[in-house]
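Enquirer: Here the protein sequences line up with chains A and B, keeping their order. The working numbering puts the first sequence at residues 160 to 289. The working numbering puts the second sequence at residues 217 to 561.
Take these hints with a grain of salt, some might be off.
Stated by the list, open to error - The calculated DSSO-like cross-link candidates involving lysine-lysine, where the alpha carbons are at most 27 Å apart (straight line), are:
1. A/Lys238 / B/Lys279
2. B/Lys469 / B/Lys500
3. A/Lys263 / B/Lys538
Stated by the list, open to error - If you want a taste of the chain A side facing chain B, the calculated C-beta under 7 Å gives, among others:
4. Tyr172
5. Phe266
6. Arg267
7. Ile278
Said to hold, decoys possible - FRET-style restraints, in silico, Cβ to Cβ:
8. B/Lys557 / A/Ala222: 16 to 22 Å
9. A/Ala222 / B/Gly406: 29 to 35 Å
10. A/Glu212 / B/Lys557: 36 to 42 Å
11. B/Asp244 / A/Lys167: 49 to 55 Å
12. A/Glu195 / B/Lys557: 51 to 57 Å
By construction, these hints were calculated from the structure, which means they are not laboratory data. Backbone N, C-alpha and C fix where the C-beta goes; we use that ideal spot for every residue, glycine too.
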Amino acid sequence: MIPSFWRKIRYRYNLTGTKCENCGRIYHPPRNICPECRRKSSITEVDLGDRGELLTYSIVHDAPESFKLQRPYVIGLIKLESGVVVTSQISCKPSELRIGMKVKAVFRKYGEDGEDGIIYYGTKFVPCEE
Amino acid sequence: MVGIVSYGTYIPRYRIKVEEIAKIWGEDPESIKGGLGIYEKSVPDIDEDTVTISVECAREAMKRVSLNGSEIQAVFVGSESHPYAVKPTATIVGEALSIDSFFHSADLEFACKAGTAGIQNCIAMVESGMIRNGLAIGSDTSQGAPGDPLEYSAAAGGAAFVIGSENVIVEIKDTLSFTTDTPDFWRREGQPYPSHGGRFTGEPAYFRHVSTASIEIMKRNDLEPEDFSYAVFHMPNGKFPVRVARNLGFSSKQIEQGLVVRYIGNTYSASSLIGFCAILDVAKPGDRILLTSFGSGAGSDAFIIEVTENIESYDRNQSVWKKIERKEYIDYGMYAKLRRKIRMG
Ligand SMILES: [Zn+2]
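All chains, full assembly: derive it from the sequences and hints.
Expert: In structure tokens:
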């Protein structure tokens, strides 16, 4: 668990995707190769932007033990300004949710491996007040 | 001249009122509000801590001047609530800000003045030419034991400053520190809540250190209180900064703008800094500001700051007072859960 999380840490901390310069497609999570262009793919990293729109969401009531304090929590599909769609936890109360609402990326705690374990951080979204 | 290139702040959106806490402990809310000069305080969400607050305020500071992570060569995070005892907060903050890995970093601790200590470190490193820009953050999610008077004031928030020498919005004209061994407030390793030395907290600690540092820095710069547009002092409650300002000869008009403690509580390492940012939100070129922090144990860092023309074109839309207004009240039950005061089975 720890090594796999650590390797992808920069993509969890920031909304970074990969772009295939050959066809222009943007991928998130990032890919080393473009599945459309295969050998012709030319991959660069791109910043996906921190604002987006909530496409849909689900409210999770039956939370695992480690999410007990966050119950119920919200998982949403967010369309970023760059057009890329990402799945993320939305840190807000279910009553605040509205499809099409503007959201922005924030840096939050994901969880921790008990009281003596590592703490996991990454991107979540919150309703955008402006 | 070394100064501040940009700043950012973060205040969690939850608030708890003094009435709500007083109700649980059977105390009179009016006498507490009158005695402490605090009406409500900020509370972090379940997924917020000193790391996340540091990242949020630093991101705002960098975004305001479109600064890249690669332009920062040092990160200092001052806090008394670092989530790890061993593993620096600054390492996580640096990664989240995409700072090129060749950067100097350290976590600082000095009760409520660790944030200003970071600013001093950055000033020295910029002045010596070691770095071009440094990031100094004061951030805390402080706790008081349930039922302790500290529970009414211990709050959460953060402030971040990019210190450099190009395009500065304010120049830092002078800084000094005053430090003594004073047992006013402490927390032993492994203890969840701090202890305080009762009568040690006022005169010999806060008042002596804040006054001495402020008087000395004014004296060596030939300045009097009336030479300043604004002053901001550490705010452990709403009474101490008002009294120390009056004792030093500052008017209430000079400190009003930075007096944020009544509505967000004592944000520890961020306390005087969030007040200072509230002043920067409205400051005009030529304004002179006195900033004096205080950290128990005990010490004070004082700064003389002068606002430059660059502040006119600087992005100050997300003001501190706007963030203070953006809030949602919670009850004591929710507060106890968020602050993990409930022992889980
Ligand atoms: Zn392609």
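Enquirer: Taking the hints in turn, state whether each one holds.
Expert: Okay, the hints, checked on the actual structure:
no.	hint	in the structure
1	A/Lys238 / B/Lys279	holds (22 Å)
2	B/Lys469 / B/Lys500	holds (16 Å)
3	A/Lys263 / B/Lys538	holds (18 Å)
4	Tyr172	holds (4 Å)
5	Phe266	holds (4 Å)
6	Arg267	holds (4 Å)
7	Ile278	holds (6 Å)
8	B/Lys557 / A/Ala222: 16 to 22 Å	holds (21 Å)
9	A/Ala222 / B/Gly406: 29 to 35 Å	holds (30 Å)
10	A/Glu212 / B/Lys557: 36 to 42 Å	holds (37 Å)
11	B/Asp244 / A/Lys167: 49 to 55 Å	holds (53 Å)
12	A/Glu195 / B/Lys557: 51 to 57 Å	holds (53 Å)
Checked against the numbered hints listed earlier, the structure breaks none of them; every hint is satisfied.
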